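Asks: This is what each chain is made of:
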Amino acid sequence: MLNEDALKQVMATMLNVDAATINEDSSMDNVPNWDSLRHMNLVLALEEEFKVSIPDEDAGNITSYKLIKLVLNDLGV
Amino acid sequence: MSEVPVDPRAAALAVLAKADSTMMQLTQAVNTLEKEAQPRTVKIGVSSSATVDLLNVYLRKHGLLNGARIDLVAGNYDDPIGDIDLFTQAGVEQIVLLPFFDNLLPSFEAQLGNLDPSIIDAKEAELRQRYRMVFDKARAVPAIYLGTFHRMGSPADAAGQDAVAIVLARFNAALRDEAAAYANIRIIDTEDIVRAVGQGAAFDTRFYFRSKAPYTGVYMNELARRIAAAARGFGAHFYKVLALDCDNTLWGGVIGEDLLNGIKLGPYDYPGNIFWRMQQEFAALERQGILLALVTKNNPADVDEVLHKHPDMVLKQSQLVAKKVNWEDKPSNLRALAKELNVGLDSIVFLDDSSFECEAVRQQLPMVKTVQVPTTLSDYPRVVAEIKSLFLAGGIAADSKDKTEQYRQRAGAEELKAQFDTQEEYLASLELKVELTRNARASAARISELSQKSNQFNLTTTRYSVAEIEQMMEGASHAVYSLVVSDKFGNAGLTGVAVMRYEGQAAIIENFFMSCRVIGRGVETGIWPRIVADAMQRGCTELRAEYIPSAKNVQVADFYNRLGMPAQEETGEGVRRYTIAAADFAAPPNPWIEMTYVE
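Quick mapping for you: the protein sequence lines, in order, are chains S and H. In terms of the working numbering, the first sequence opens at residue 23 and continues consecutively. In terms of the working numbering, the second sequence opens at residue 3 and continues consecutively.
Simulated from the structure, these hints should not be mistaken for lab results. Bear in mind that the values here come from a model prediction, so they are computed numbers and not experimental data. There could be a bad hint or two in this list.
[To be verified] When the alpha-carbon atoms are kept at most 30 Å apart in a straight line, the in silico DSBU-like pairs for lysine-lysine are as follows: (1) H:Lys299 x H:Lys311; (2) H:Lys390 x H:Lys435; (3) S:Lys30 x H:Lys214; (4) S:Lys73 x H:Lys299; (5) H:Lys299 x S:Lys30; (6) S:Lys91 x H:Lys390; (7) S:Lys30 x H:Lys20; (8) H:Lys20 x S:Lys73.
[As the list claims (entries may be wrong)] Here are a few chain H residues that face chain S, going by a calculated C-beta distance under 8 Å: (9) Thr53; (10) Arg212; (11) Ala215; (12) Val316; (13) Leu317.
Quick reminder that beta carbons are idealized off the backbone N, C-alpha and C, glycines included.
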């Protein structure tokens, strides 16, 4: 079962925002710090923290909280 | 059970020091530590032809591990020339330049097999031109770390010399060649980083094709570590002296017990061959300007016997700048060594096999870098490689080459000191000669280097780049005086600089700094009558000076008082300002110095 608090913590740290501001609707469109550069670091950090390897085709596209959750769930987290 | 309180600072530092911390842990630890005051802040611009955003957290990590907060200014993608303007405006002190081979043309490595040689020639010419412009624009930046090119793919041919390898070697030679003309550039060999971390671990191609971000955190960490080393821990240290224990450090066994024929040292047999090999490394360091000293608990006669009589002893008496061979404790001997050589304890690396001695030094002299000879002897070369990188990572100026000679002269002079009744008699016996030169253009690089290195005898700790020195020499508003000291023991080289600025009637000593190895001989006061006379000739009627305290320059806090200048004010920060009518200026006499003057 995905620990959503841990997910929020990773996102907040890598996007350099307060964890309380990350919610179900957070996405690249409404988190100002979430740019393509930070996104790469976020993907690398998600892989490390949840011990998964995010497939190439997903890596660039998981640009919202919901999509990240979906992919992590698919990967069995 | 009560909980043990965890110091967040210590915990964060532990995360940084751990090799397997995740990027998120690192980011959190870096954020925690950057909220606190750090001893130093260094502003660094990063310019690359690939996307290297990931480097930031690792540069900040290695900065913090060295007590420096790193403020980063990101350049634009593949625009090194524009980046230099950007960085200069932002006031960066250091620049990291990371050209990227595969991006020189789209998929350059794959294209190379198909390209006409004339295109490669043109590309090389363009590369040279481009970086010549970059380097030239960045002349005034104190330090530039230039990463060389590496390849991303492996050669398919077992022989390795495919088209990529050949062009890569050629372009790297071109980069090094262009960089060689600039004293502020330090090369970082990125092919060696790829080798060290492994080709497979260095790259992450997912984001390369999408966003031109080729590297993994593992690569970036190693790159940042090497940049920190080349930057001498971002100004944290500048090691000059290697202090060596003898028994089980320079040779196997104990000379006092095993005797000359019993100690293990020689080119062929184990374990003597390891000690022999390490001595070769130490001797090579000495040739590159590192000072070697013995700090060892032995009978002096025993050690001398090895030095003079052992057939396989690599290090010779002449390569040792000082010997502390006695039964006193190591911290006392290291203190005495620092005093004798006139270097800070923080410029000494101490190597010893004994845990007891290492611990004693670590506790009493934490500023000394203490390294222990590993109990597993086959690890010794790796430890010595680390010692070498402590000394050599920052690069060593050509002028540093015969340092041992110069310091030994000083040590010799120290011994002579005892035999004279007065300091003046002693100084007179040295036959001191000082050559003062105004605007010695050929020495601009050495002058800049001295301004970077001098800490203790540095009145304002203003650092100058080569370009700034050249500018002041050429302009009418400044003059740069440099002095070369020699005595009957030898020539100490260019060891002192006074930077003068002229504003109307006032001649202002903008900075005065000297190498500590010539202090205490009256040279520092002897040069001023001539400099003041020059100023008067220009029409100046007033001489002004300023002392700005730093962590290291207490010894010159009252230098201008000693020079006979009255202090006008002292600010809350301890800045002292001095003014005197030029006509009233009279430096303390020092008849024992023979002054010559070169225009």
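Asks: Among the hints numbered above, which are violated by the structure, and what are their numbers in rising order?
Replies: The structure breaks hints 2, 4, 5, 6, 12 and 13; every other hint is satisfied.
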